[in-house]
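Let the sequences and hints guide you as you build the complete structure.
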Amino acid sequence: MILSTNNISSHFHSDQFLLWSLRFLALMAGSLLLLVVVFLVHEAWPAFQQIGLTSFFTDADWAPTEKLYLLTPMLWGTLWATLGAIMLAAPIGILSALFIQYCAPPFLARGYRRLIELLSGIPSVVFGLWGLVVLVPLIARWQPPGPSLLAGILILFLMILPTITLVVQASLAQIPVSFIHNATALGLSRWSMIRRVILPTAKAGIFTGIFLGVARALGETMAILMVCGNVVQTPSHLFDPIRTLTANIALEMAYALGNHRSTLFVSGLLLMGMVVVFVMMAEGLRHREIYAATK
Amino acid sequence: MLPQSKSVQDHCGAAIIWSSTGLISFGVLWLLGDLLWHGWSQLSWSFLFSSPENAGREGGIGPILISTSLILGVCMIVAWPMGLGTAIFLAEFTQDDHRFGRLIRGSLDVLAGVPSIVFGLFGNALFCQALGLGFSILSGGLTLACMVLPILIRTTEESFRAITSDQRLSAAALGFSTSTTVGSILLPAAIPGLLVGSILGIGRAMAETAALIFTSGYVDRMPESLLDSGRALSIHIYDLAMNVAGGNPNAYATAVVLVGLLIIINLAASWIAEKWTTLNQLPT
Amino acid sequence: MDHPQPTPHLIQAEKKLPGIQSWRPYQSVQACCEPIAHIRSEDLSITYRDHLALQTVNLEINKGCITALVGPSGCGKTSFLMTINRLTDLIPGCKVSGRLQMNELDILAPSTNLLHLRRQVGMIFQKPTVFPFSIKKNLELPIREHGKHARETWSATIETILQQVGLWNEVKDRLDQPAQALSGGQQQRLCLARALALAPEVLLLDEPCSALDPISSGIVEDLIVSLRGQYTVIIVTHNLAQARRIADHVAIFWSVAGIGQLIENGSAQSIFDSPQHELTAAYISGARG
Chain A
1 MILSTNNISS HFHSDQFLLW SLRFLALMAG SLLLLVVVFL VHEAWPAFQQ IGLTSFFTDA
61 DWAPTEKLYL LTPMLWGTLW ATLGAIMLAA PIGILSALFI QYCAPPFLAR GYRRLIELLS
121 GIPSVVFGLW GLVVLVPLIA RWQPPGPSLL AGILILFLMI LPTITLVVQA SLAQIPVSFI
181 HNATALGLSR WSMIRRVILP TAKAGIFTGI FLGVARALGE TMAILMVCGN VVQTPSHLFD
241 PIRTLTANIA LEMAYALGNH RSTLFVSGLL LMGMVVVFVM MAEGLRHREI YAATK
Chain B
1 MLPQSKSVQD HCGAAIIWSS TGLISFGVLW LLGDLLWHGW SQLSWSFLFS SPENAGREGG
61 IGPILISTSL ILGVCMIVAW PMGLGTAIFL AEFTQDDHRF GRLIRGSLDV LAGVPSIVFG
121 LFGNALFCQA LGLGFSILSG GLTLACMVLP ILIRTTEESF RAITSDQRLS AAALGFSTST
181 TVGSILLPAA IPGLLVGSIL GIGRAMAETA ALIFTSGYVD RMPESLLDSG RALSIHIYDL
241 AMNVAGGNPN AYATAVVLVG LLIIINLAAS WIAEKWTTLN QLPT
Chain C
1 MDHPQPTPHL IQAEKKLPGI QSWRPYQSVQ ACCEPIAHIR SEDLSITYRD HLALQTVNLE
61 INKGCITALV GPSGCGKTSF LMTINRLTDL IPGCKVSGRL QMNELDILAP STNLLHLRRQ
121 VGMIFQKPTV FPFSIKKNLE LPIREHGKHA RETWSATIET ILQQVGLWNE VKDRLDQPAQ
181 ALSGGQQQRL CLARALALAP EVLLLDEPCS ALDPISSGIV EDLIVSLRGQ YTVIIVTHNL
241 AQARRIADHV AIFWSVAGIG QLIENGSAQS IFDSPQHELT AAYISGARG
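Residue numbers (the working numbering), protein chains in the order written: chain A, 1 to 295; chain B, 1 to 284; chain C, 1 to 289.
There may be inaccurate statements among the hints.
[What the hints assert, rightly or not] Simulated crosslink set (DSS-like; lysine-lysine; CA at most 27 angstroms straight-line):
no. : chain 1 : residue 1 : chain 2 : residue 2
1   : A       : Lys203    : C       : Lys137
2   : C       : Lys127    : C       : Lys137
3   : C       : Lys172    : C       : Lys137
4   : A       : Lys203    : C       : Lys127
5   : C       : Lys172    : B       : Lys6
6   : C       : Lys136    : A       : Lys203
7   : B       : Lys6      : A       : Lys203
8   : C       : Lys95     : C       : Lys136
9   : C       : Lys127    : C       : Lys95
10  : C       : Lys63     : C       : Lys136
11  : B       : Lys6      : C       : Lys137
[What the hints assert, rightly or not] Simulated restraints on C-beta separations:
no. : chain 1 : residue 1 : chain 2 : residue 2 : range
12  : B       : Leu29     : C       : Trp168    : 55 to 63 angstroms
13  : C       : Asn113    : B       : Ile191    : 27 to 35 angstroms
14  : B       : Ile191    : C       : Asp222    : 56 to 64 angstroms
15  : A       : Pro200    : C       : Pro35     : 42 to 50 angstroms
16  : A       : Met28     : B       : Ile16     : 35 to 43 angstroms
17  : B       : Ile16     : A       : Val277    : 30 to 38 angstroms
18  : A       : Leu34     : C       : Glu152    : 58 to 66 angstroms
19  : C       : Ala156    : B       : Leu29     : 54 to 62 angstroms
[What the hints assert, rightly or not] Just a sample of chain C residues kept apart from chain B, beta carbon distances all over 12 angstroms, derived:
no. : residue
20  : Asp89
21  : Gly98
22  : Asn113
23  : Ala150
24  : Ser155
25  : Pro178
26  : Val202
27  : Ala211
28  : Val225
29  : Ala281
Since the hints were derived computationally from the structure, they do not count as laboratory data. Every residue gets a Cβ at the ideal spot worked out from N, C-alpha and C, and that includes glycine.
Here is the structure:
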């Protein structure tokens, strides 16, 4: 790749000016993340100082007016919703990717892929709207009250399915055809080949998709807010209404003051930490080539 | 192509795959169908242009469309220079092992994954409180600019990298300064990529809700300045669905408008991307 | 006709650099192959989406012998090879007509059990393609798939096969390491080992040495020669010298008016000494191709 760096000549003042202004702009863009963290910490600091980290996990309840700041019910809500969604989305996402790549005739494969891309473009409020108006009453008929962990899981599942499907399908498409020919020549049947050669080879892509899906599920706010009921309690079964960390912030930020507001920033930091871990794991995998055909 | 399904295992596997995709397709079509079913009947030209009445149960979404465009406008105007500059820097002036470049790229990758509610918190803390802008279109636009930056930079950088080396070599051989090369040769060639990136960025920003809830505010009348609070399309849907009894029909209609706009945007982006790749193919 | 013998110098040099094949006269037909037809094709034609690629091939492959398919690129040699284990099924738009028989089995019949066929016919490709697993797992894959042996015997089987291809001493301490870390020549021998794990009757080799350096190429070639008698080997090669060195029978393919055809076939001696067809003579002498 030809680089322009070595072409910067001191004869051209415009070049020096260009280089430095570009460096400045890039620095600003790069420090955005730092800025975000700094502001969050700054806002969260009073909570750390005056309430203390342990109180978030040991207080009796979430009742800011009574100075109780227990975050664990919301944390459990977030974790259970994400876990449920991933347990549904991961296998079905992989199956969908296999469908697009191998099992469907080209025209169906294209159509189904377009459908998945469409799904990925739907904003979360629209998912929330549909969930609220259609899904929740359905669940209520089965088992009241309706807004529940289950509703959250199903909506999140629909939202992260496209992520997993498209990432896995892209990595399946990169498997060299010679692998398939070699495996066929060895007499492997279709399903054996998928199980023993194709999926293990695409492992990196599968995990990337899963990590990105988890990151998205953890951070989802609006749809969850609209279908989960927002009751502060640790869920004990699927039909309990729950409140996630994200919904907590969204609901209470408008009128929170002082320590209450700082605590919401603390939960924001916690959320960001969890999401960043998964995003970094996904990016780390993306940079590794697992299936180089030759050295 | 894989070998044909022959054994019981093969057929079971095929059955599982086909039934799960059938289920998903049904689910998606159900969702979209439901949306269209409930929302289409409410749509009309007056809906698009008139103001909301009765807390949004009746009337239209005119001012809301205006607010949304203003927020997106602010977002793009702010994100563009920084995004373009950073992309050019990364594409033209850094190699893969350049430390500064890697640091910037890494931080942008992480930024891309940060949840929108966290951006909302950040935007509230920085723009509404620290900079004193309050709940306003400006705050909302600036917050969205931060969110959209990573995707803008990524697509722009790729479009610069896609330009073949011959262009740079010819320019250098002609004794052009780097600024001229970048400005007169590379930039015009990268414009389709820039457009695609911007369009995708707009699409992402338009779908945002959580970041706007406590930065641009809730007010649903026509904004008079950028410092006024304004309601975006996605917030309107949320408000009608959750806070306004009987607001569902208009919520659906607004949702149809939003999804429709997003589809148009994505089609435009892929159309440009296709034309760009055919333009860039060298004659053999 | 008297064949010149390698000079003493050449013999000395070869002793110092094992694996380098120098020019040497081909062996006359050994008693390794009784002329029993193992694979027989009748009027075999292959079309790719309405484009006729190979026309009416009538060829008999003898059991236990090494048969070389030679000719310039694009004459259909590889297509013919891929028909034998029905790999052509995987290529969209590919149609095969005619008859192809292995012993009593009609290869082209739709009712043929393909998994059985591919157990009896092994194939090695031009580019060594080891799967991104450990060496052990690469070899266990076909063994496990065809359920031939009990699990306890797998390690013994793997050792036997690796001995047969001459890899055992080189890899016995790193069976659990990634196969892709092996050199090109080692990978190709591993692919051969993988194919041999199924104890096939026929081995199809599609230019197995062309992607390798000369030394690895020599090692793989020696290995192929050692298989004579135990397996029926069909090797596609561009390399006339290689065909001269190792083949018992040779089939010459050529592209006539854009369509691949078999123009001559016979024992290696007769083809190289007294070719009947003028194209064969021209190709062998280097005047054409």
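Checked hints:
Between Lys203(A) and Lys137(C), the direct Cα distance comes to roughly 16 angstroms. Compliance with the 27 angstroms bound is thereby established for this hinted pair. The straight-line distance between the Cα atoms of Lys127(C) and Lys137(C) is roughly 20 angstroms, inside the 27 angstroms bound, and the hint therefore holds. Between Lys172(C) and Lys137(C) the CA atoms are separated by roughly 14 angstroms; this keeps the pair inside 27 angstroms, and the hint holds. A threshold of 27 angstroms between alpha carbons decides the hint, and for Lys203(A) with Lys127(C) the separation of about 23 angstroms falls inside it, so the pair holds.
For the suggested pair Lys172(C) and Lys6(B), the alpha carbons sit about 37 angstroms apart, so the restraint of at most 27 angstroms is broken. Our distance criterion of 27 angstroms between C-alpha atoms is met by Lys136(C) and Lys203(A), whose separation comes to about 19 angstroms. The straight-line distance between the Cα atoms of Lys6(B) and Lys203(A) is roughly 26 angstroms, inside the 27 angstroms bound, and the hint therefore holds. For the given pair, Lys95(C) sits about 37 angstroms from Lys136(C) by alpha-carbon distance, which is inconsistent with the 27 angstroms threshold.
Restraint check for Lys127(C) and Lys95(C): satisfied, since their Cα atoms lie roughly 25 angstroms apart, inside the 27 angstroms limit. Restraint check for Lys63(C) and Lys136(C): the C-alpha separation of about 31 angstroms exceeds 27 angstroms, so the hint is violated. Restraint check for Lys6(B) and Lys137(C): satisfied, since their Cα atoms lie roughly 25 angstroms apart, inside the 27 angstroms limit. Range check, Leu29(B) to Trp168(C): Cβ separation about 58 angstroms, and the 55 to 63 angstroms hint holds.
Taking the beta carbon of each, Asn113(C) and Ile191(B) are about 58 angstroms apart, not inside 27 to 35 angstroms as hinted. Remark: the range hint 56 to 64 angstroms for Ile191(B) to Asp222(C) is upheld by a beta-carbon distance near 60 angstroms. Taken as a hint, the range 42 to 50 angstroms holds for the pair Pro200(A) and Pro35(C), whose Cβ atoms sit roughly 45 angstroms apart. The hinted range of 35 to 43 angstroms is not satisfied by Met28(A) and Ile16(B), whose Cβ atoms lie roughly 50 angstroms apart.
A C-beta distance of roughly 32 angstroms is found between Ile16(B) and Val277(A), which places it inside the suggested range of 30 to 38 angstroms. For Leu34(A) and Glu152(C), the Cβ-Cβ distance of about 59 angstroms falls inside the hinted range of 58 to 66 angstroms, so the restraint holds. Against the hinted window of 54 to 62 angstroms, the Cβ-Cβ separation of Ala156(C) and Leu29(B) comes to about 56 angstroms, which satisfies the hint. At roughly 7 angstroms from the closest C-beta of chain B, the C-beta of Asp89(C) falls inside 12 angstroms, breaking its exclusion from the interface.
Look at Gly98(C): its CB is around 21 angstroms from the nearest CB on chain B, clear of 12 angstroms, so calling it non-interface holds up. The beta carbon of Asn113(C) sits about 8 angstroms from the closest Cβ of chain B, which is not more than 12 angstroms, so the claim that it is off the interface is violated. For Ala150(C), the shortest C-beta to C-beta distance to chain B comes to about 21 angstroms, beyond the 12 angstroms cut-off, and the non-interface label holds. Annotated as non-interface, Ser155(C) keeps its C-beta farther than 12 angstroms from every C-beta of chain B; the closest such distance is 26 angstroms.
Every C-beta of chain B lies more than 12 angstroms from that of Pro178(C), the closest at about 24 angstroms, which supports listing it as non-interface. Chain B leaves Val202(C) outside its interface by the beta-carbon criterion, the shortest separation being 19 angstroms against a cut-off of 12 angstroms. Consistency note on Ala211(C): stated as away from chain B, and its beta-carbon is indeed over 12 angstroms from all of that chain's, at 24 angstroms minimum. Even its closest Cβ contact with chain B, about 32 angstroms, leaves Val225(C) beyond 12 angstroms, as expected for a residue assigned away from the interface.
For Ala281(C), the condition that its CB be more than 12 angstroms from all CB atoms of chain B holds, with the nearest at approximately 37 angstroms.
Hints 5, 8, 10, 13, 16, 20, 22, counting from the list given before, are not met by this structure.
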